[in-house]
Structure formats: C-alpha cells, structure tokens
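Okay, here's what each chain looks like letter by letter:
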Amino acid sequence: DTAVSQTPKYLVTQMGNDKSIKCEQNLGHDTMYWYKQDSKKFLKIMFSYNNKELIINETVPNRFSPKSPDKAHLNLHINSLELGDSAVYFCASSRIQRDEAFFGQGTRLTVV
Amino acid sequence: DAKTTQPPSMDCAEGRAANLPCNHSTISGNEYVYWYRQIHSQGPQYIIHGLKNNETNEMASLIITEDRKSSTLILPHATLRDTAVYYCIVSSAGNQFYFGTGTSLTVIP
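Top line first, the protein sequences correspond to chains A and B.
At position 75 of the first sequence (counting the first as 1) the number is 75 in my numbering, and the numbers step up by one without a gap.
At position 49 of the second sequence (counting the first as 1) the number is 1049 in my numbering, and the numbers step up by one without a gap.
No lab work stands behind these hints: they were computed from the structure.
Hints should not be assumed to be uniformly reliable.
Stated by the list, open to error - In silico DSSO-like cross-links for lysine-lysine, where the CA-CA straight-line distance does not exceed 30 Å:
| no. | chain 1 | residue 1 | chain 2 | residue 2 |
| --- | --- | --- | --- | --- |
| 1 | A | Lys36 | A | Lys52 |
| 2 | A | Lys9 | A | Lys36 |
| 3 | A | Lys41 | A | Lys67 |
| 4 | A | Lys40 | A | Lys67 |
| 5 | B | Lys1069 | B | Lys1052 |
| 6 | A | Lys67 | A | Lys22 |
| 7 | A | Lys44 | A | Lys67 |
| 8 | A | Lys36 | B | Lys1069 |
| 9 | A | Lys19 | A | Lys36 |
| 10 | B | Lys1003 | A | Lys36 |
| 11 | B | Lys1069 | A | Lys52 |
| 12 | A | Lys44 | B | Lys1003 |
| 13 | A | Lys19 | A | Lys41 |
| 14 | B | Lys1069 | A | Lys71 |
| 15 | A | Lys52 | A | Lys22 |
| 16 | A | Lys52 | A | Lys19 |
| 17 | A | Lys44 | B | Lys1069 |
| 18 | A | Lys40 | B | Lys1069 |
| 19 | A | Lys40 | B | Lys1003 |
| 20 | A | Lys22 | A | Lys41 |
| 21 | B | Lys1052 | A | Lys44 |
| 22 | A | Lys19 | A | Lys40 |
| 23 | A | Lys40 | A | Lys22 |
| 24 | A | Lys52 | A | Lys9 |
| 25 | A | Lys52 | A | Lys71 |
| 26 | A | Lys41 | A | Lys52 |
| 27 | A | Lys71 | A | Lys44 |
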C-alpha cells in the first residue's frame, strides 16, 4: 500500500488553464505539506496543513490554493497556469512536528 | 532559506562507509538536524534526525559535534542503491523544511 499517493504523476497543460493535483495519505498523519521542486532541483515548502487547518503559507502566488477536505487529503489547485509553474510538486505528511515526513512520488507539471 | 552547507558531490566505493558532512554554524538551540535523501525521480526519503546526541537507526548514523555547528551522516556499508542526493536540514518547526542543494553521492562498484 502506498503511504502518500499523488495523482496524476504527469500533467501537461497549456498556459492559462486551471488544474488540480490530488494527494492522499493512509498513515493517519495529522500534518500534510506541499513542496515544489524547480528545474534547479531546489525543493521548497509551499503549504503546510495540520488537521485541515493551514499553518504555513510560504510566499506563493494566490493562484495556488490548497484544499483539505479531510485529514487524509490535501489537494492543490492552480489557476491561470504560467510557464514558470512547470516543476515537480511533492506532497508529504507527518504524524506530528519533528517527526519524519513521508513524501509522495511527485507530480511533474509541464506548462506549454 | 537553507541554513546548511554541504559539499556538492562525493564518491564512495561500494561496501565502504560513506561519510557526508554538513555545516550548520548558525543552528539555534531548539533546532534539530534532519537528513533526507532523494533518489533520482523519486520523492525525498527520511533518513534520520537528532538534536544533540548521536543517533543510529537501521539506515545510518548521525554524528553531531558538541557545539552542534556541524554533523556527519554515516552510511556504514554503502551500496549502489545509496546513490542519491543527500540533504541536511535544520529546523525547529517540524517539517517546514527548506532543502538546500544537498550532496550528490555516487557509490562506485
């Protein structure tokens, strides 16, 4: 069983479109995250949710909106996609703070 | 922003110990040292973390200097599957991590 699963694995879309990436964890964790890894391989946190509540929101454009329908899910909606949004997006979860984080396999988003 | 400094790349012979250094001279008292690795095209994988004392688990050992300004991750018997980018991270806020550029470890047969 996959601990943290993301769908889709690959996403190619045109500029200006709106897309969503889904994330689910079956570990019973309280905290979930979204990270972005750019072409230079820098991995940067975007959002952190604890028990469905936003606890960190790094400086990302407001075109990015996380939504957590329940503790096991944290989806990422992106409006008006731009070329610079092309990256690999990773979802992660952890039980509590300072605990190990489990990452999904990533979603490679390509905006053309 | 990353608060750690790591060498960009290292090689290690298969079966030998891999010692990956990390400098974190500005670490504060409540910050932990975490190590993750990322094998090509996969999500980052947790390895180990510690605060002051040395730590060991089934994957690796973490040696933290007494002044906590640097640490070393030790993979005791490197295998080809250990080839990856290794990230050293300091954080006080759980998993609100800022990954740096890491060390690209290549295990050579």
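Evaluation of the provided hints:
no.	hint	verdict
1	Lys36(A) x Lys52(A)	holds (20 Å)
2	Lys9(A) x Lys36(A)	holds (14 Å)
3	Lys41(A) x Lys67(A)	holds (25 Å)
4	Lys40(A) x Lys67(A)	holds (27 Å)
5	Lys1069(B) x Lys1052(B)	holds (10 Å)
6	Lys67(A) x Lys22(A)	holds (10 Å)
7	Lys44(A) x Lys67(A)	holds (19 Å)
8	Lys36(A) x Lys1069(B)	holds (28 Å)
9	Lys19(A) x Lys36(A)	holds (15 Å)
10	Lys1003(B) x Lys36(A)	holds (18 Å)
11	Lys1069(B) x Lys52(A)	violated (36 Å)
12	Lys44(A) x Lys1003(B)	holds (13 Å)
13	Lys19(A) x Lys41(A)	holds (22 Å)
14	Lys1069(B) x Lys71(A)	violated (37 Å)
15	Lys52(A) x Lys22(A)	holds (15 Å)
16	Lys52(A) x Lys19(A)	holds (21 Å)
17	Lys44(A) x Lys1069(B)	holds (23 Å)
18	Lys40(A) x Lys1069(B)	holds (27 Å)
19	Lys40(A) x Lys1003(B)	holds (18 Å)
20	Lys22(A) x Lys41(A)	holds (22 Å)
21	Lys1052(B) x Lys44(A)	holds (26 Å)
22	Lys19(A) x Lys40(A)	holds (23 Å)
23	Lys40(A) x Lys22(A)	holds (24 Å)
24	Lys52(A) x Lys9(A)	holds (24 Å)
25	Lys52(A) x Lys71(A)	holds (6 Å)
26	Lys41(A) x Lys52(A)	holds (29 Å)
27	Lys71(A) x Lys44(A)	holds (22 Å)
When each numbered hint is compared with the structure, violations occur for hints 11, 14.
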